[in-house]
Amino acid sequence: ETGVTQSPTHLIKTRGQQVTLRCSSQSGHNTVSWYQQALGQGPQFIFQYYREEENGRGNFPPRFSGLQFPNYSSELNVNALELDDSALYLCASSRLSGVPNEQFFGPGTRLTVL
Amino acid sequence: GNSVTQMEGPVTLSEEAFLTINCTYTATGYPSLFWYVQYPGEGLQLLLKATKADDKGSNKGFEATYRKETTSFHLEKGSVQVSDSAVYFCALLDRNSGGGADGLTFGKGTHLIIQP
Numbered sequence: 001e002t003g004v005t006q007s008p009t010h011l012i013k014t015r016g017q018q019v020t021l022r023c024s025s026q027s028g029h030n031t032v033s034w035y036q037q038a039l040g041q042g043p044q045f046i047f048q049y050y051r052e053e054e055n056g057r058g059n060f061p062p063r064f065s066g067l068q069f070p071n072y073s074s075e076l077n078v079n080a081l082e083l084d085d086s087a088l089y090l091c092a093s094s095r096l097s098g099v100p101n102e103q104f105f106g107p108g109t110r111l112t113v114l
Numbered sequence: 001g002n003s004v005t006q007m008e009g010p011v012t013l014s015e016e017a018f019l020t021i022n023c024t025y026t027a028t029g030y031p032s033l034f035w036y037v038q039y040p041g042e043g044l045q046l047l048l049k050a051t052k053a054d055d056k057g058s059n060k061g062f063e064a065t066y067r068k069e070t071t072s073f074h075l076e077k078g079s080v081q082v083s084d085s086a087v088y089f090c091a092l093l094d095r096n097s098g099g100g101a102d103g104l105t106f107g108k109g110t111h112l113i114i115q116p
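From first to last, the protein sequence lines stand for chains R and L. For the first sequence, the numbering used here begins at 1 and goes up steadily by one. For the second sequence, the numbering used here begins at 1 and goes up steadily by one.
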């Protein structure tokens with residue numbers, strides 16, 4: 001069983017640029033959630049995708065957007081990068097069900113905005 | 001809104017010592033509670049969970065009991081090992097908070113250092 005994978009591992013961008021991060025779900029999972037983890041902080045929920053549609057969103061501006069593909073992989077896009085966007089971005093996959101389910105996390109993408 | 005508060009770290013203990021990491025929460029609904037662990041350079045791993053009041057989650061010698069009366073979910077282990085050194089996150093999932101999405105709310109994390 002393949003776990004959650006993310007690419008790239010590290011990324012450096014400059015303020016104002018746009019970035020795309022990628023995530024492959026664990027086999028059998030149909031839901032992907034994205035989190036932002038600033039240095040020394042806990043992860044913060046950005047949004048979740050289910051059946052290729054946004055299923056819920058945390059307190060992040062519209063310049064954070066995403067996609068989910070038919071194979072349940074996902075992208076996180078961030079436009080007009082700001083210095084405060086520097087963080088570890090975590091993807092988690094799960095199987096949407098009627099009970100709270102475990103989210104399996106990938107190793108993350110470290111984004112640095114200069 | 002929902003929030004999770006954890007004890008500040010780092011927490012430094014000697015091998016075989018007893019561990020407690022405090023976690024309290026605020027939630028608008030009836031949350032499920034989780035402890036995640038993050039080893040250096042790795043993603044988050046679920047350590048244990050509890051879905052209703054008085055449930056006890058346990059795994060790898062770690063335990064935590066869902067206490068609704070004190071809104072707490074403290075993590076304990078009777079005898080820690082050097083390999084337990086990591087960052088531990090308490091988290092909640094409140095399915096009644098609206099939106100329908102399974103977005104976890106995390107604490108800031110507690111860095112645990114176990115010395116031989």
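Treat the hints with caution; some may be incorrect.
Stated by the list, open to error - Label-pair distances were calculated between CB atoms; the ranges are:
1) E16(L) with G40(R): 48 to 54 Å
2) T112(R) with P40(L): 14 to 20 Å
3) S73(R) with T71(L): 33 to 39 Å
4) N59(L) with P70(R): 39 to 45 Å
To be clear, the hints were calculated from the coordinates, so they are not data collected in a lab. This structure is a prediction, so every number in the text was calculated from the model and none was measured. Idealized CB from N, CA, C, for every residue including glycine.
If you check each hint against the structure, which ones fail?
The structure conflicts with hints 1 and 4, although it agrees with all the remaining ones.
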